[in-house]
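Protein chains: 2
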Amino acid sequence: MLGRLYESQECSAARALEVVGERWSLLILRDALFRGYVRFSDFERSLAVAPNILQKRLESLVRDGIMETRAAENSEHREYVLTPKGHDFKPVVMALTAWGDKWVEPGPAVFEHSGCGGVVEQELHCSSCGPVPVRRIGARARRRAAKKRSR
Amino acid sequence: MLGRLYESQECSAARALEVVGERWSLLILRDALFRGYVRFSDFERSLAVAPNILQKRLESLVRDGIMETRAAENSEHREYVLTPKGHDFKPVVMALTAWGDKWVEPGPAVFEHSGCGGVVEQELHCSSCGPVPVRRIGARARRRAAKKRSR
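Chains as they are written, first to last, in the numbering used here: chain A, 1 to 151; chain B, 152 to 302.
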């Protein structure tokens, strides 16, 4: 039981949701992460989204440091590429997908290890004893670096 | 590279986001999953949310099969308890939290194995060769049960 740790709503999950919680932003990230899209025209065709909305969402992802722009080769267009902060959203998209696959219906794709082709799934892993079932996971206060005590 | 698998936007991740993508719904789920809250008054106090909004969000979670209501002991009030479908959102909240912890700032809580107290983290696990770094994960078409071929 978490007790009074979450007095502020500004927990990390809520902050992450501010980036990915908007539907188009999630779908842009999905296409960037798993289809490798970088061009405005590819996102536009894939998502069938109005260009002005797509533009706003891409600008928002750039402003948040999830994507950055670069000059495209042999073209005047800009490309939108994921930053490390953006690549790290992959487990979030995978967790959402796993839930939807199980509780809505199996989607069209599975995740694979691009090295060996094995199926990749998320595992909840205890530092002491290995895989843990979801019901056996709680939360406790993080031990803060004791700044004041060190004075 | 995923290719043309995701022609429809209705991938599993998007469907899951329809449930958890609204900020209050995520925070209700967080409180239910990690604080064990079941009472309207506990959610209300924790989230400082207007009662009519909280009521709508709880009803929506019940309608989606994420929560169900039951009679409280020694009280006329109803309680809101997670279903198995709701409990399975835990990895999604954990993935969002891990991202926020890394890229915004470390939040107030860590996840622990309630059996041994060890820290629990999500691991991306290949069925053939064990833990996989995020950059080495792609997507491919799920092999469908070949209904037509079997005729």
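Some hints could be false.
[Said to hold, decoys possible] Here are some chain B residues pointing at chain A (derived, C-beta under 10 Å):
(1) Gly187
(2) Val189
(3) Arg190
(4) Phe191
(5) Pro202
(6) Gly258
[To be verified] In the SDA-like style, the derived pairs of lysine to any residue whose C-alpha atoms are separated by at most 25 Å in a straight line are:
(7) A/Lys56 with B/Glu272
(8) B/Lys253 with A/Ala141
(9) B/Lys207 with B/Asp193
(10) B/Lys236 with B/Pro257
(11) B/Lys253 with B/Glu272
(12) B/Lys236 with B/Val255
(13) A/Lys85 with B/Gly268
(14) B/Lys253 with A/Arg45
(15) A/Lys85 with A/Pro106
(16) B/Lys253 with A/Ser60
(17) A/Lys102 with B/Glu274
(18) A/Lys102 with A/Ile53
(19) B/Lys207 with B/Trp254
(20) A/Lys102 with B/Val255
(21) A/Lys85 with A/Thr69
(22) B/Lys253 with B/Asp193
(23) A/Lys102 with B/Glu219
(24) A/Lys102 with B/Ala222
(25) A/Lys85 with A/Arg135
(26) A/Lys85 with B/Gly289
(27) B/Lys253 with B/Val213
(28) B/Lys253 with A/Gly36
(29) B/Lys236 with B/Arg186
(30) B/Lys253 with B/Thr234
(31) A/Lys102 with A/Pro84
(32) A/Lys102 with B/Ile288
(33) B/Lys253 with A/Glu73
(34) B/Lys236 with B/Trp254
(35) A/Lys102 with A/Gly118
(36) A/Lys102 with A/Ser128
(37) A/Lys85 with A/Pro133
(38) A/Lys102 with B/Trp254
(39) A/Lys85 with B/Glu219
(40) A/Lys102 with B/Glu272
It should be emphasised that the hints constitute simulated quantities derived from the structure, not laboratory data. Note that beta-carbon positions come from the ideal geometry of N, C-alpha and C, so glycine has one too.
To see whether the hints hold, each was checked on the structure:
Interface restraint check: B/Gly187 against chain A, minimum CB-CB distance 5 Å, threshold 10 Å, status holds. Contact between B/Val189 and chain A, as hinted, is not supported at the beta carbon level, the nearest pair being about 12 Å apart and thus beyond 10 Å. About 14 Å separates the beta-carbon of B/Arg190 from the nearest beta-carbon of chain A, more than 10 Å, and the hint is not met. With a least beta-carbon distance of about 17 Å to chain A, the hint placing B/Phe191 at the interface is violated under the 10 Å criterion.
The closest approach between the C-beta of B/Pro202 and any C-beta of chain A is roughly 16 Å, which is over the 10 Å cut-off, so the hint fails. Using the Cβ-Cβ criterion of 10 Å, the hint placing B/Gly258 at the interface with chain A is satisfied: the shortest such distance is roughly 4 Å. The straight-line distance between the Cα atoms of A/Lys56 and B/Glu272 is roughly 34 Å, outside the 25 Å bound, and the hint therefore fails. Restraint check for B/Lys253 and A/Ala141: satisfied, since their Cα atoms lie roughly 16 Å apart, inside the 25 Å limit.
This hinted pair checks out: B/Lys207 and B/Asp193 have alpha carbons roughly 16 Å apart, not beyond 25 Å. With a C-alpha separation of about 28 Å, the suggested pair B/Lys236 and B/Pro257 falls outside the 25 Å cut-off, and the hint is violated. Our distance criterion of 25 Å between C-alpha atoms is met by B/Lys253 and B/Glu272, whose separation comes to about 13 Å. Using a Cα cut-off of 25 Å, the hinted pair B/Lys236 and B/Val255 is violated, with the two alpha carbons roughly 29 Å apart.
Straight-line distance between C-alpha atoms of A/Lys85 and B/Gly268 comes to about 29 Å, which puts the hinted pair past the 25 Å bound. Among the hinted pairs, B/Lys253 with A/Arg45 is inconsistent with the structure: their alpha-carbon atoms are about 32 Å apart, more than 25 Å. About 28 Å separates the Cα atoms of A/Lys85 and A/Pro106, which puts this hinted pair outside 25 Å; it is violated. Taking the CA atoms of B/Lys253 and A/Ser60, the gap is near 20 Å; set against the 25 Å cutoff, the hint holds.
Between A/Lys102 and B/Glu274 the alpha-carbon distance is near 19 Å, which keeps this suggested pair within the 25 Å criterion. In summary, the hint linking A/Lys102 to A/Ile53 is not supported, as the alpha carbons are separated by about 31 Å, beyond the 25 Å threshold. This hinted pair does not check out: B/Lys207 and B/Trp254 have alpha carbons roughly 32 Å apart, beyond 25 Å. With a C-alpha separation of about 30 Å, the suggested pairing of A/Lys102 with B/Val255 is violated against the 25 Å cut-off.
Restraint check: the Cα-Cα separation between A/Lys85 and A/Thr69 comes to about 14 Å, which is no more than 25 Å; the hinted pair holds. Our distance criterion of 25 Å between C-alpha atoms is broken by B/Lys253 and B/Asp193, whose separation comes to about 29 Å. Restraint check: the Cα-Cα separation between A/Lys102 and B/Glu219 comes to about 19 Å, which is no more than 25 Å; the hinted pair holds. Our distance criterion of 25 Å between C-alpha atoms is broken by A/Lys102 and B/Ala222, whose separation comes to about 29 Å.
For a cut-off of 25 Å, the pair hint linking A/Lys85 to A/Arg135 is broken: about 29 Å separates their Cα positions. Under the criterion of a C-alpha separation no larger than 25 Å, the hint pairing A/Lys85 with B/Gly289 is consistent with the structure, at around 17 Å. Distance restraint check for B/Lys253 and B/Val213: the Cα-Cα separation of roughly 32 Å exceeds the 25 Å cut-off, and the hinted pair is therefore not satisfied. Taken as a hint, the B/Lys253 and A/Gly36 pair is honoured in the structure, with Cα atoms around 23 Å apart against an allowance of 25 Å.
This hinted pair checks out: B/Lys236 and B/Arg186 have alpha carbons roughly 18 Å apart, not beyond 25 Å. Between B/Lys253 and B/Thr234 the alpha-carbon distance is near 30 Å, which puts this suggested pair outside the 25 Å criterion. The suggested pairing of A/Lys102 with A/Pro84 is violated, with an alpha-carbon distance near 29 Å, which exceeds 25 Å. The suggested pairing of A/Lys102 with B/Ile288 holds, with an alpha-carbon distance near 20 Å, which does not exceed 25 Å.
For the hint linking B/Lys253 to A/Glu73, the alpha-carbon distance of about 33 Å lies beyond 25 Å, and the restraint is violated. Restraint check: the Cα-Cα separation between B/Lys236 and B/Trp254 comes to about 29 Å, which exceeds 25 Å; the hinted pair is violated. Restraint check: the Cα-Cα separation between A/Lys102 and A/Gly118 comes to about 20 Å, which is no more than 25 Å; the hinted pair holds. Distance check on the hinted pair: A/Lys102 and A/Ser128 sit about 28 Å apart at the alpha-carbon level, beyond 25 Å; violated.
In summary, the hint linking A/Lys85 to A/Pro133 is not supported, as the alpha carbons are separated by about 28 Å, beyond the 25 Å threshold. Pair hint A/Lys102 plus B/Trp254 does not hold up; C-alpha atoms about 29 Å apart against a cutoff of 25 Å. Restraint check: the Cα-Cα separation between A/Lys85 and B/Glu219 comes to about 36 Å, which exceeds 25 Å; the hinted pair is violated. This hinted pair checks out: A/Lys102 and B/Glu272 have alpha carbons roughly 21 Å apart, not beyond 25 Å.
The earlier numbered hints that this structure contradicts are 2, 3, 4, 5, 7, 10, 12, 13, 14, 15, 18, 19, 20, 22, 24, 25, 27, 30, 31, 33, 34, 36, 37, 38 and 39.
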